Every structure is written in structure tokens, then in C-alpha cells.
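Note that the protein sequences, when read in sequence, are chains A and B.
Residue numbers for the first sequence follow the numbering used here, beginning at 1 and rising by one.
Residue numbers for the second sequence follow the numbering used here, beginning at 1 and rising by one.
Among the hints, a few may not be true.
Straight-line distance between alpha carbons at most 35 Å, and here's what the computed DSBU-like set of lysine-lysine pairs gives [unchecked claim]: (1) A:Lys155 with B:Lys221; (2) B:Lys161 with A:Lys117; (3) A:Lys117 with A:Lys207; (4) A:Lys131 with B:Lys280; (5) B:Lys129 with B:Lys246; (6) A:Lys207 with A:Lys131; (7) A:Lys117 with B:Lys7; (8) A:Lys207 with A:Lys83; (9) A:Lys27 with B:Lys129; (10) A:Lys208 with B:Lys280; (11) B:Lys129 with A:Lys117; (12) B:Lys280 with A:Lys207; (13) A:Lys155 with B:Lys7; (14) B:Lys7 with B:Lys72; (15) A:Lys117 with B:Lys280; (16) A:Lys117 with A:Lys131; (17) B:Lys280 with A:Lys83; (18) B:Lys280 with A:Lys27; (19) A:Lys208 with A:Lys155; (20) A:Lys83 with A:Lys155; (21) B:Lys161 with B:Lys221; (22) A:Lys155 with B:Lys280; (23) A:Lys131 with B:Lys221; (24) A:Lys83 with A:Lys208; (25) B:Lys246 with B:Lys221; (26) A:Lys155 with A:Lys117; (27) B:Lys129 with A:Lys83.
Derived DEER-like restraints, expressed as beta-carbon distance ranges [to be verified]: (28) A:Gly151 with B:Arg304: 23 to 33 Å; (29) B:Glu132 with A:Pro279: 48 to 58 Å; (30) B:Thr273 with A:Pro279: 39 to 49 Å; (31) A:Gly282 with B:Glu294: 35 to 45 Å; (32) A:Pro114 with B:Thr76: 22 to 32 Å; (33) A:Thr25 with B:Ile137: 26 to 36 Å; (34) B:Leu110 with A:Gly75: 51 to 61 Å; (35) B:Phe9 with A:Gly214: 55 to 65 Å; (36) B:Pro89 with A:Pro114: 43 to 53 Å.
Bear in mind the hints are in silico, worked out from the structure with no lab data behind them.
In this text, all values refer to a predicted model and were calculated from it rather than measured experimentally.
Backbone N, C-alpha and C fix where the C-beta goes; we use that ideal spot for every residue, glycine too.
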Amino acid sequence: MTDTRELSNDAPILDVRNLVMHYRTEKGDVSAIEDVSFSLKAGESFGLVGESGCGKTSVAMALLQLQAENAGFEGGEILLNGKDLLLMGPSEMRSHRWNDISMVFQGAMNAWNPVHKVGAQIKEAMDLHVKPQLSHSESRERIGQLFEMVGLDPKMMDRYPHEFSGGMRQRAVIAMALSCDPQIIIADEPTTALDVIVQDQILSELKKIQRDLGMSILYISHDIAVIAEVTDRMGVMYAGKMVETGPTIDIFHNPKHPYAFLLLSSTPSITGPRRKLAPLEGEPPNLLDPPDGCRFHPRCPFVTDQCRTEEPPLADIGAGHKVACWNWESVPPLSEGLRK
Amino acid sequence: MGRYVFKRFIQMVLLFLVFFALSWIALQAIPGNSIEQQLRLNPNLPPEAITQALERRGLDKPPIEQFWIYTKDFFTGDLGVSWSRYPQPVSSLIAERLPRTVMLFSVALLFQYLVGFQAGKYLAWRRNKRGEMAITIAGVSLFTVFYPWFGLMMILLFAVKLGWVPTNGFIVESIWRDAPLSANRMMMTMFTSLMLVTAFIGLTVWASARLDRPSQRRMVKLGAWVAGIGAFFVYWLTNDNLVYAKDIAVHLVLPVSVLTMVGFAGVMLITRTSMLETMKEDFVLTARAKGLTEAMVRDRHAARTALLPVSTSLVLAVATVIDGGIITESIFGWPGMGQLLLASVVAEDIPVALAAFSFTGILALLGHFAADVLYGVLDPRIRVTSQG
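This is chain A alone, in the form it adopts within the complex (with noise of 0.2 Å):
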């Protein structure tokens, strides 16, 4: 991926600025996404990594426009070539979907409808996006075209949803989103609920196509050793907040957030140092109410006074590293592990 590192001095494809947005409800708002930063330049991957509840999905429906109805953005924005989605109005804001912006959707969801063939459904999103428009000949060709990419034969177009397999769908769907060339695909749970011999051959098909296309990708993910296999930079979210952010590798090897270190610390390491694996107890909290200070600080084993009263701010720690915690200084190297 080191073609990739050159082009990233460019200015961001899409760049999200302190975006915040709550979820309002009866009891009143749940702040799912609070105060996140993230930048994606050409050619790069990102992931977003933590666990269920904590956002990912949400930024990722935030990029799209596609939050739930009760949805509210309170600040922030989201670049997309400069300019903001948020102000964007609906018409507008079809025309940049799949076009610019397209999504890889988790392999267990119903992505397909059922009633139509699988290349109706991709042809539906060409004959909208592709200008000039293409013949139906010629879309036939192209709907080809990205089945062999992705590993599929091109006669499966004319075939139903329920007559692939799990890995063929999940491979469809990766057609699906390269069909308008878009400049950025956001991954969500790529490969969950796939075998893992299926799930490798996705990842590496994911990452060759983006060599070979030359695409932004946003991985969206709760398993830290998928993120750690595909990207070149990373966020780690907890409860709506970005805690730590930087080169996936200097994350991977050295978190100093206690919160992906004990993530990390809870994930066997195949090729790492051996070590003794952690738990991480306890559940994130509920957002209609979040702690005060520091949203980890109920779960952190370094816990302070300071972190129950202040919000850490995402500091740089050098390298594009960025950490929001008092005490980042005191969290061991991974290796070592948390001493009981």
C-alpha cells in the first residue's frame, strides 16, 4: 500500500468536521454521534472500529444521508469535495449516493430484494448514475465486466438472490458498489456473518480492487484484527466519541487509549507477541445518559478523579496519533498486558 501513502498529501475526498447528531426519542436524545473528526483522501483506507452501539453504523448512514427519520445533526460537517452534505437538498443529495459515495452492506443483511434479478438491481443504479447512459447491451457488458472482478461468472446476473450463496452474494454487492465508480465505498461489516476462509478472500478482493481502482475505502467494523488487515489509518469510537485515531499501525502495536487497548488486549494476536488475553467487561454505556467526563471512565482500569469530572480532548501524541485521555501516558505497551 505504499503507492497509496503518495497521494495522501492531496486534499481529503471526504473530510468530517466535529460532526454531532442525536437521535431524539421519547425519553429523550441520544447523542450517537459526538464531536467526530475524520478525513478520507484518495486512493486511502479508514476504518472505524468499536463495539455495537457506539456509532459506527451511524456515521456511516450520516455519509450517506440515510438516518433514521428522528435523526438530528446539531453541528459539524461532512465534505464531500468540499462540499457540505448537510446542506444539501434531496435531489442533490441522490445524485452524489452510489455515484460518488457507495456502500458495501453487511453480507447477513437482505441487501438484495428478492424479487428482482441480481443485475436488474445493479443495472437500476447505472441506468441512474452513469452518464452517458449506457445501452442495455452495453450495461449487460459492464455488469459482466464486474462480476469477473469480483470473481463472479457474469451469467449469474440473470440469476435471483436466494440462488447464490452467502460469499456470492457478499460478492454481488461488492459489484453492486463498484458499478458507478465512486470515489469512496464505505464498507459496513464487510465480512460478519461470513465464513472466515470466505471472509479472507473478500478482504483481499476488497484490497485488490482498491489498488487496482484506485478508490477510498471507509471500513466499518467491530473486529480490530479485520481493520488492522485492510486499512492505512483508523479511528477507534466508544459511545459516539472518537477516542483515538492515527496510522493503523502505530494503533495496532502501540494503543495508547485504554479503551483500544483493552480491545486489542481482547484479541488473539496470530503473528504479534504472545500474550495473555483480557476480557473487557462491561457494557458501553446507555447514551440517552452518558457518564460525565470521560465516557470510558466506568469501564477503565486507569481511571482518575480528573476523568470523572472532564472531558479529555483528542490530543496529538505525534505521527498523526491522537488520543482523548488524561492518562494515555500511563497505559503499559501491549505486550505487557494489565496487570491484575
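Following the hints, put chain B in place on chain A, whose structure we already have.
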């Protein structure tokens, strides 16, 4: 698909045989005198008809043998002679009545489903918005109203007070005195012309999806609608028999409207529930993420998939044509199968009643069959599982 249709067809034939036997037994069990005595007491029946019936139909033989003779006659096309309208053959009575019932109820059912589906789609899509409450209340009130009373009130309003439509009947006899063709023939022409136009538009629109450019597709679709409807109007407006067609058409207006009004809400509520379910599906999110317009998401994805349970309800609705038919035809004086059935049962005209039962049964089963095939067409998953 072929095997699926074949299997359904065989099931339909078996079901008909059961129905056929049950209706025969039910009519044997009518309280009162035995058939032989009914025949002798019937003043409309000349003695030679009685002897003929007794010998030919084996009415003096044990029930099992009678049933066997009746079955053989029925399937060789000999339905016998009406007892109450001697000597009219039963088959000619059926041939006269059946098309009228089919015409009225297929048109009404079509309208019920068109209106109901559109309304349900609208309700689900604009949930919690203005208009939902009004449509739901109106629909459910009409659905639960005592239908014969409602029918009479509509006649009172639109036929008696306003005089827009005839109060009842199928035609106005005086208009048809010098008609060059029978009313049934006219009706069949009307029905055929409607079917032809629908088929033409449907097929052209379906085929247009294969065209390369969207602009061509739009042109061809628009052309099909204009040509189809245009041809329909040109044909009828230049037709010498327009006055007869009009007579039948105005008689259809009230029953069809009333049937639509009382029936659409059922379809509407089923569509609404099914739509709300589908709208939660992930593929609707996919469709939106693809940048499809809201109308495309609604029609191609949400509503298209929500059609499946609606077509199941169509199966059931087709079956209700039998009982709904009797009430509707009585209220609107529509001389169809329902009235024939009622009259023949009251008059204990067994051959007519049996034939009427059998043919309404065939009608309902054919409707079932058509809906089953439709279901297979709509849902690709059914096609495959039934083949495998």
C-alpha cells in the same frame, strides 16, 4: 414454472371433484319430499318429462347410482333440463348467466385491487402524515358497513334521487327491442375489447424494458398508452352499436362502484401492513443508498415486494365471489349466476341448482388457479422451490 402450474392444476381438478360430490349430496339432503315426489307435484312439468327424467337420470335408483349417472352426464356435457323453466336446457341458462357474473365481478375485483393497493401504498408511505387518518376511517367504515343496506342507500341516492344511473337490472329492455345482436354478445365484445387493450398496453410496456435508451423506453410506453386507449375510443365511438354498449355500461356503474367501495379497504389494510413490513427491509435501504428517487424506491422495491401477501388475499377474494354474488346480484337485480342459484334453490330446481353450484365452483377454482400462477410469477422463490 411449468411443473408448478401443472401441480396446481391437478390440485384444482381434485378439489373440484370433492366440491362436485359435496354439492350433489347437499342438494339431495334438502329437507322435504323426495325428488320423485317433487317432480310429480311440480305443475310446470308435463308427465312425459317426469318419465324421461326418472328413466334417463335414474332417479328411481339408489343414490350411489344416481350420482354415478349424474357425474357421467355432467362430464359429457349433458346438464339436463330445468324443472322450473321447462323445457329450457340447463346449459343454455348457464351460458346466458355465467358471462354476466364474470363480467361484473372481474371488473369490480379489478377496481377493488387497484384502488385498495394504491391507497394502501399511499398510507404506508405517508405514515403519520395528513390524510392517513381520513382514508383509514373512510375505508374501514365502508368495509364494516352492512353491505346490503349500503347498496340500497346508494341506489336511493344515485339512481332514485339523482337519477344518474338506472336503479337495477342489466339492460333496459325497450332499447334492445330492435337490437341486431344479443346483450350477452354485446357484453362479450365489450369485455374482449377491454382485455385486448389491457393486454396490448401491458405487453408493450413489459417489452419496452428491453430497449436500450430510457428515452426510447419512455416514448414506447407513452405510445402504447395513447395507441391502446385511442384505438379503444375510436373503435367504440365509430361503432353503430354504441347505444347498446352504453346501456350495459351504465348498468355496471353502480354495482361496480359499490363493490369497490365496500371491498377496497380490505385490500388497502393488507397492502399497508405488508408495505410497512417491507419498508423495514434492508433492500429498501440499499435502494435508497443507490440514489433512487423516493417514487422508484416505493414502486420498484417496497410496493413490488409488498404485492405478495396482497395476491394471496386475491385468492380468497375470488372465492367470495360466490356468496357476495348472491347478495350483490339480488340488490342490483343483476341476472347472473347468483340470482340463478338463489332462484333455483328456492324453487327446488335441482338440475339448475347443481349446475349453478358446479359452475360457480369452477369459477372460484379458476380464480384460485389464476392467483396461484400469478403468485408464482411475482415471487421467483416459489418457482424454484416448487421445481426442486
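Verification of the hints:
1. A:Lys155 with B:Lys221: Within the cut-off at roughly 29 Å; holds.
2. B:Lys161 with A:Lys117: Violated, at roughly 55 Å.
3. A:Lys117 with A:Lys207: 27 Å, holds
4. A:Lys131 with B:Lys280: Holds, at about 31 Å.
5. B:Lys129 with B:Lys246: Violated. B:Lys129 to B:Lys246 sits at ~41 Å, over the 35 Å cutoff.
6. A:Lys207 with A:Lys131: OK: A:Lys207 and A:Lys131 at ~27 Å, within 35 Å.
7. A:Lys117 with B:Lys7: 25 Å, holds
8. A:Lys207 with A:Lys83: Given pair A:Lys207, A:Lys83 holds - Cα atoms ~28 Å apart, limit 35 Å.
9. A:Lys27 with B:Lys129: Since the Cα atoms of A:Lys27 and B:Lys129 sit roughly 22 Å apart, the hinted pair holds (cutoff 35 Å).
10. A:Lys208 with B:Lys280: OK: A:Lys208 and B:Lys280 at ~34 Å, within 35 Å.
11. B:Lys129 with A:Lys117: 33 Å, holds
12. B:Lys280 with A:Lys207: 32 Å, holds
13. A:Lys155 with B:Lys7: Answer holds: A:Lys155 to B:Lys7 is near 29 Å, not above 35 Å.
14. B:Lys7 with B:Lys72: 25 Å, holds
15. A:Lys117 with B:Lys280: 20 Å, holds
16. A:Lys117 with A:Lys131: 23 Å, holds
17. B:Lys280 with A:Lys83: 30 Å, holds
18. B:Lys280 with A:Lys27: Satisfied, since the Cα-Cα distance of roughly 23 Å is no more than 35 Å.
19. A:Lys208 with A:Lys155: 23 Å, holds
20. A:Lys83 with A:Lys155: 40 Å, violated
21. B:Lys161 with B:Lys221: 43 Å, violated
22. A:Lys155 with B:Lys280: 30 Å, holds
23. A:Lys131 with B:Lys221: 23 Å, holds
24. A:Lys83 with A:Lys208: Holds - the C-alpha atoms of A:Lys208 and A:Lys83 are around 29 Å apart, at most 35 Å.
25. B:Lys246 with B:Lys221: 29 Å, holds
26. A:Lys155 with A:Lys117: 11 Å, holds
27. B:Lys129 with A:Lys83: 32 Å, holds
28. A:Gly151 with B:Arg304: 23 to 33 Å: 30 Å, holds
29. B:Glu132 with A:Pro279: 48 to 58 Å: 49 Å, holds
30. B:Thr273 with A:Pro279: 39 to 49 Å: 44 Å, holds
31. A:Gly282 with B:Glu294: 35 to 45 Å: At roughly 42 Å between Cβ atoms, B:Glu294 and A:Gly282 fall inside 35 to 45 Å, so the hint holds.
32. A:Pro114 with B:Thr76: 22 to 32 Å: 46 Å, violated
33. A:Thr25 with B:Ile137: 26 to 36 Å: Because 29 Å falls inside the window, the suggested range holds.
34. B:Leu110 with A:Gly75: 51 to 61 Å: Hint holds: Cβ distance 54 Å, inside 51 to 61 Å.
35. B:Phe9 with A:Gly214: 55 to 65 Å: Holds, since B:Phe9 and A:Gly214 (Cβ atoms, about 57 Å apart) stay within the stated range.
36. B:Pro89 with A:Pro114: 43 to 53 Å: 51 Å, holds
In this structure, the hints that do not hold are numbers 2, 5, 20, 21 and 32, in rising order.
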